[in-house]
Amino acid sequence: MELRHLVTFKTIVEKDGFKRAADHLGYAQSSVTTHIKELERELGKPLFDRLGKKVVLTQYGHHFLPYAAKIIDLYSQALNTNDEPIGNLIIGISESLTIDRVPPILIEYKKLYPKVNLSLKSIDNYDVTTYLQNGDIDLALILEKDDLSIPELFTENLKREKMVLIRPNDVADSSTVLYTERSCSYKSVFEHYINYKQMDVKESLDFQSIEAIKQCVRSGLGISLVPYFSVKEELMTNKLTGEEVPPDHPAISTFLAYHKDKWLSPAILKMNELIREHAKGWE
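Just so you know, the working numbering puts 1136 at position 184 of the sequence shown, and the rest follows in order with no gaps.
Take these hints with a grain of salt, some might be off.
Stated by the list, open to error - Derived DEER-like restraints, expressed as beta-carbon distance ranges: (1) 1161 - 981: 33 to 39 Å; (2) 968 - 1027: 21 to 27 Å; (3) 1073 - 1170: 26 to 32 Å.
Derived by calculation from the structure, the hints in this document are not laboratory data. Every residue gets a Cβ at the ideal spot worked out from N, C-alpha and C, and that includes glycine.
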């Protein structure tokens, strides 16, 4: 089993197609096709279904993907036996954290370790285990409930976030609530507070972007519950009105997460150290 065949297989999945994988790897598309045919012949099972112009993973392909990612990761370990942070580092991040928390970390890391190629991937919380299992990302920074526990993952609670109920300055209506982050646990925190406040909610709308949430609240569309850090500027400049949630209520925390079986390269270890250092100063 050739490593390049495994890399080709994983790249096809990541890039969603043979042609994109060929462009990314610098191969002719015919070479990519040959790699997969040879790998399928060796495995004795098809990895992809060819549905017209689209290719999708077979059930066996889904099963084999984590093993391919693990073999590629082990190969990287063997090459990177020194202590200098080098190579690629892919971080999965909850969208809300890109507003304030993450940029200073990335700027400092790039200055300290210029030989590391950093990549960010915006992720939904419910996908984090799959992304880490398949090697799509090396580590994750996510917003989740305080009691987060996923057997396959190492999770470290970096900061319990102060939560704020935001509403427009000139509208008191709370019949429409705007949810951010698609994770069910995030919604459950909001719903707990809605019940506590005995709000008469008639409608709810789902958004993936916290920036969209803020604009819609300012426009009078409804109210939302968000981490304080994500609306600090709007509250300080009186663009929004905020009501702090008492600390004895369920809340959201920022977590560092990575797979328990993941080899922590020097690049990952240094990033983890820097994240923890920055987390000490988070409000």
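To see whether the hints hold, each was checked on the structure:
no. : hint                    : result
1   : 1161 - 981: 33 to 39 Å  : holds (35 Å)
2   : 968 - 1027: 21 to 27 Å  : holds (24 Å)
3   : 1073 - 1170: 26 to 32 Å : holds (29 Å)
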